[in-house]
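Novice: Residue numbers (my numbering), protein chains in the order written: chain X, 1084 to 1380; chain G, 171 to 519.
These are computed hints drawn from the structure, not numbers from a lab.
Treat the hints loosely; a few may be bogus.
[Unchecked claim] These stretches of chain G come out as covered by chain X in the derived footprint (C-beta under 8 Å, 3 or more residues):
1. 253-266
2. 270-284
3. 294-304
4. 309-319
5. 410-418
Just so you know, these numbers come straight off a predicted model, no measurement behind them.
C-beta: ideal position from N, C-alpha, C; glycine also.
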Amino acid sequence: MTAQLLIQQLFNALSIGSIYALLALGLAVVFSVLGLLNFAYGEIITATAYTMVLLVSLGVPLLAAAPVGVIAGILMSVFTEFVAFRPLRKAPAYAVVFSSFAVSLLVQSFIRNVVSPRPQGLVVPAWLDQVITVGGVRFPALSIVTIVIAVLSMLALTALLQKSRHGLAMRAAAEDFETTRLMGAKAGRLILLAFAVSGTLAGIAGVLWIAKIGSATPDMGFNPLLIAFVAVVLGGMGSLRGAVLGGFALAFVEVGLQVFLPRDFVPYVQAISLFVVIIVLYVRPQGFARRVEERVA
Amino acid sequence: MNWSSRRLKEAARTFLVLAIVFVSVAIVIEVLLGRSDSRIATEFMLVTSMVIAIQVYVGNSGLVSFGHIAFFAIAAYAAGLAALPPERLASIAPDVPAWLANMEASLPVAVGIAIVAVIIFAAFTGVPFARMKASVVSAATLALLVLVHSVINLWSGITHGPLGLVNVPDLVNTWVVLGTCLIITAAALLYRASPWGLRLQAVREDEVAAAALGIPVARMRFAGWMVSAVLMALGGSVWALNAMAFAPAQFYFTDTFAMLSMLVIGGLGSVTGAVLGAVIVTVLSEVLRNLEGGLAIGSFEIPELPGIVQMATAVLILLILIWRPGGLLGNTEAGAFSFGNLRTKGWRR
């Protein structure tokens, strides 16, 4: 393996990993506050993607459609909170698994009925399809944009959590929700904020995701959901730093398998990487995080 | 380990009620229905018994598993491969090892092979799953389902890929189906009443308190996982020999959602609830499926509504969970009502 190829694959893993990390972060934000996984999380990506496909097909430029797509993602996340989470605040955890799963299927069958069961293509402007070649290594413009946006989003999240009052409340809630309430934080508003932040992160990841795969389908949210789950589980539930780490780890395992596996086994990459994850959990059931109660950000 | 006689009596009463239901369905099938209707009815009985098998784990542990459909798939393929005669197998799945391919297994052998295959798989996956935090299990089992589904889809030398197995011999009649239902129901009720079941329920209600009382949390979860897997394998392998043809798409989200919704609607904590949920969802889907293809009533035409069954089930789940988070019956079994209770305490919840 040449140095060129190594750099190329590292760059690919970094670009895929930054989407994965964003996806994992969005899921982990809600989990850290509520202790519950959102099974309708993938539908945030779906909402973003369909909104962008619609706007671009109406002639709106991609750069203007993207923020509207993110807003649609936030709305979907907040909708999930109101329909699947808020009415079941006192219910056991498994009830919320089912209710958010039901919202996910509701959204999917809604799209199948109202929009179309068939894929809807997104036209990506030419500048995003450009490839910059430096010393034999190909850097696609989209991958560079992906990495830059992901890093900026993570910095913004860190700033929000570290510098703002609401961020402080969220970090406190991740440690101990009840005590945070006793300190005067409004529970309902705090959870709503967590869902909005989650929707923002997933929405941004959704913009990058749809630009990468190029078409929207009703069940497109499933792969991002699975990636976020695996990354969050790997990273140790509820730890935001762990989620980012888990996202990158998953991407490096996937790219590594694609490079090193014999050709016949390449279709099995997803299955094998899930298998690797189960092995990792065999050794470390709590993921990478050393402590269960890890500080947020 | 002490068995509680009160819990055993309740289980026996519940078994009696459910057995009457299953036996009467079986008699109706034999006496009244034609061949095609009777296949729908036997399929309903087997799906119900698999929902009961899922209830053993999900209901007693309070952990959601999407992985049981993976057990179902493995059992169906193992039984199908064992039962298919070698000459038919050679044309669709050439890479099956000779010992399995040359076996034209009878019903008990095919079911036995399926159960062994699932036990190996469940034991391997059950160890890490039992040690995980409760909130992680649902996500991890979902990953397990995806893993198994993608392997079955891709490993076409063994599984015939996306096309699935066809011409599986029909080794099952209504009485075999009835027997399977009754065994699974009895086992599920017995486990629920057993000391192991009780300990797992204690873990479900309060993990920390249960651990403090000396209950080995991971071991109890593992036991529930294994019992549930074996019952799932029994139901799944008989299902395969009843269905005669199946493809990987049948072991994925649509079916996972259908079975889990039966469990949620009827009541997670109870075997009776699993049966009730299966009845409600089946009736609802049969009624709505007629709408799905579009209808014309006089001059008023209802347009085609793809996926209306799924939509309606999703809405029903949300409404029931908001109204009763434990499902319609919650943890109550049919056998919780007895004339003794009636006289002394009235109807107990």
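Novice: Against each hint, give a clear statement of whether it holds in the structure.
Specialist: Structure-based check of each hint:
For the region 253-266 of chain G, the assignment as covered by chain X is violated, since 0 residues bring a beta-carbon within under 8 Å of that chain's beta-carbons and 3 are needed. Under the rule that three or more residues need a Cβ within less than 8 Å of chain X, the assignment of the region 270-284 of chain G is violated, with 0 such residues. Three residues within the 8 Å Cβ limit are the bar, and the region 294-304 of chain G against chain X gives 7, so the coverage statement holds. Closer than 8 Å: that is the beta-carbon criterion, and the region 309-319 of chain G has 7 residues meeting it against chain X, so the requirement of 3 holds.
For the region 410-418 of chain G, the proposed coverage by chain X is not satisfied: 0 residues have a C-beta within less than 8 Å of a C-beta in that chain, short of the threshold of three.
When each numbered hint is compared with the structure, violations occur for hints 1, 2, 5.
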